[in-house]
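Turn these sequences into a full structure, and let the hints guide you.
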Amino acid sequence: MTAWLDALIQGLLLGGLYALFAAGLSLIFGVMRLVNLAHGDLIVLAAFIILVVTDRFGLNPFVAVLIAAPILFLAGFALQHVLLNRTLGGDLLPPLLVTFGLSIIIQNGLLQIFSADSQRLRVGAIETASIPLGGGIAVGVVPLLTLLSAVAVIVLLNFIFYRTAIGRAFRGTSDDPEVAQLMGIDHQLIFAVAMGLAFVVITIAALYLGLRANFDPSIGPARLLYAFEAVIIGGLGSFWGTLAGGIVLGLAQTIGAQIDPEWQILAGHLAFLAVLAIRPRGLFPRAQD
Amino acid sequence: MPLLETRNLNAFYGDFQALYGIDMVLDQGETVAIIGANGAGKSTFLKSVAGLIHGAADSVLLDGVPIGARPAADIVKLGIALVPEGRRLFPSLTVKENLLIGGYGRKTQRPKTPGSWTLDRVYSLFPVLKERRSQAAPTLSGGQQQMAAIGRALMSNPRVLLCDEISLGLAPIIIADIYAALPQIKAEGTSVVLVEQDIVQAMKVADRVYCFQEGRLSLTGRPRELTRDQIHCAYFGS
Numbered sequence: 027m028t029a030w031l032d033a034l035i036q037g038l039l040l041g042g043l044y045a046l047f048a049a050g051l052s053l054i055f056g057v058m059r060l061v062n063l064a065h066g067d068l069i070v071l072a073a074f075i076i077l078v079v080t081d082r083f084g085l086n087p088f089v090a091v092l093i094a095a096p097i098l099f100l101a102g103f104a105l106q107h108v109l110l111n112r113t114l115g116g117d118l119l120p121p122l123l124v125t126f127g128l129s130i131i132i133q134n135g136l137l138q139i140f141s142a143d144s145q146r147l148r149v150g151a152i153e154t155a156s157i158p159l160g161g162g163i164a165v166g167v168v169p170l171l172t173l174l175s176a177v178a179v180i181v182l183l184n185f186i187f188y189r190t191a192i193g194r195a196f197r198g199t200s201d202d203p204e205v206a207q208l209m210g211i212d213h214q215l216i217f218a219v220a221m222g223l224a225f226v227v228i229t230i231a232a233l234y235l236g237l238r239a240n241f242d243p244s245i246g247p248a249r250l251l252y253a254f255e256a257v258i259i260g261g262l263g264s265f266w267g268t269l270a271g272g273i274v275l276g277l278a279q280t281i282g283a284q285i286d287p288e289w290q291i292l293a294g295h296l297a298f299l300a301v302l303a304i305r306p307r308g309l310f311p312r313a314q315d
Numbered sequence: 018m019p020l021l022e023t024r025n026l027n028a029f030y031g032d033f034q035a036l037y038g039i040d041m042v043l044d045q046g047e048t049v050a051i052i053g054a055n056g057a058g059k060s061t062f063l064k065s066v067a068g069l070i071h072g073a074a075d076s077v078l079l080d081g082v083p084i085g086a087r088p089a090a091d092i093v094k095l096g097i098a099l100v101p102e103g104r105r106l107f108p109s110l111t112v113k114e115n116l117l118i119g120g121y122g123r124k125t126q127r128p129k130t131p132g133s134w135t136l137d138r139v140y141s142l143f144p145v146l147k148e149r150r151s152q153a154a155p156t157l158s159g160g161q162q163q164m165a166a167i168g169r170a171l172m173s174n175p176r177v178l179l180c181d182e183i184s185l186g187l188a189p190i191i192i193a194d195i196y197a198a199l200p201q202i203k204a205e206g207t208s209v210v211l212v213e214q215d216i217v218q219a220m221k222v223a224d225r226v227y228c229f230q231e232g233r234l235s236l237t238g239r240p241r242e243l244t245r246d247q248i249h250c251a252y253f254g255s
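Residue numbers (the working numbering), protein chains in the order written: chain A, 27 to 315; chain B, 18 to 255.
Hints are computed from structural coordinates only; laboratory data are not their basis. It cannot be assumed that every hint is accurate.
Chain A side only, calculated, beta carbon under 7 Å to chain B, not exhaustive [unchecked claim]: (1) 207; (2) 209; (3) 212.
C-beta: ideal position from N, C-alpha, C; glycine also.
Here you go:
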């Protein structure tokens, strides 16, 4: 019984990590209807950037994130403004092809620079610290921080989207880019800001990716898959749905692992397929879509 | 100098030419109506002025300054707002958010800015919008959506308000409500260009009328000076 309860708690916490992977993807899809196939690789890239900042300046990764986030915001802004904006507005295929190409470039670029060795972000004792909950169950501090950060990111994104002028511009541009221009909104600029914001979320996701496990240049596509599944499970266009989707995925994986360790990944995919079969629009779809 | 002017304005959709050499003048405080049959190029004309379709830079002038090559997002900041055909409110935004987004580009007050529209002033112009402010835009009736679309355009504090078919598909009593707001809008110093299929309505409110036929200007004049036959001819072709 304790083992099962523990599995549920660990699944909830793992869900926080998947929600962080998924939040940036959800944001990008929500604003620009862009499916970013390089999303997982961008998370890995951001993890390497945090690693470099950590090593170069001898900083704690939590501090390094504060330096990496603005750099990645600018990188995201530039990527959208210079490259991805040119792929939008017509056929669905060009953005898919370009982001797929980007994924290959990032993977091989990282391999070239950092080799295939596994890396890890080090934060000292906090890595292994845990809080005992009694009854033989304990939660790790880093997994707990991951979930709390995911909730904070979702709250912040909801605030930006539903309480600010730029958030209205995001949603309006997503609804109707042509009429958005009539409101004085430069939709290309808005898309670039949205991508910059997504890159900040990617940086936060990368921090916890690097704190919780080893990473190397090849693991991006699997992170994309988890992020994608979390977004679909939650329902397109809803940030709270994305958080729920991440948690459903995390729970499914730990429950699967509890039954048989080999079933962990498979159980997550099965949960995804089950949601698709029962609620094709996800658990919390946006009303208009 | 006229407030807004088009000189030899041509517009194209790919290879297809939709407008041929349109000359139009709108003076400060005027209301101009553009009438014509379906496909005459009326909406294309408004889109060209609003910057959604681009012709030659010097084919659209505001205060004598060429603006024909400026993007739509700049045009609204210069003081020209378009109420698009079919309302086109943002469906995932509430009524209030639709109005607020209309003021998005209004960072600083321009000189010569007529009146300053606020949420409250739009609500007092169209009280029903205040009641419905928290509802999603698609839940409004057609007439309420039209009011919200006009209010959204006003929130940019336009010097020129371009209205595309604001009475289309609405009941006569609703149309009367919407047209009743026009004097208040004009009292702010806003000049108006109306595209209207309802000729009687257009003649009632316009200082001058332009009739389009197959992309060309077929008739222009003051409503009182035009005869029924002239309009019939210009509208349908002789």
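Now the hints, each set against the structure:
Below 7 Å, beta-carbon pairs count as interface contacts, and residue 207/A has one with chain B at about 4 Å; its hint therefore holds. Of the supplied interface hints, the one on residue 209/A holds, with its beta-carbon coming within about 5 Å of a beta-carbon of chain B, less than 7 Å. Taken as an interface hint, residue 212/A checks out: its beta carbon lies about 5 Å from the nearest beta carbon of chain B, inside 7 Å.
When held up to the earlier numbered hints, the structure conflicts with none and fits them all.
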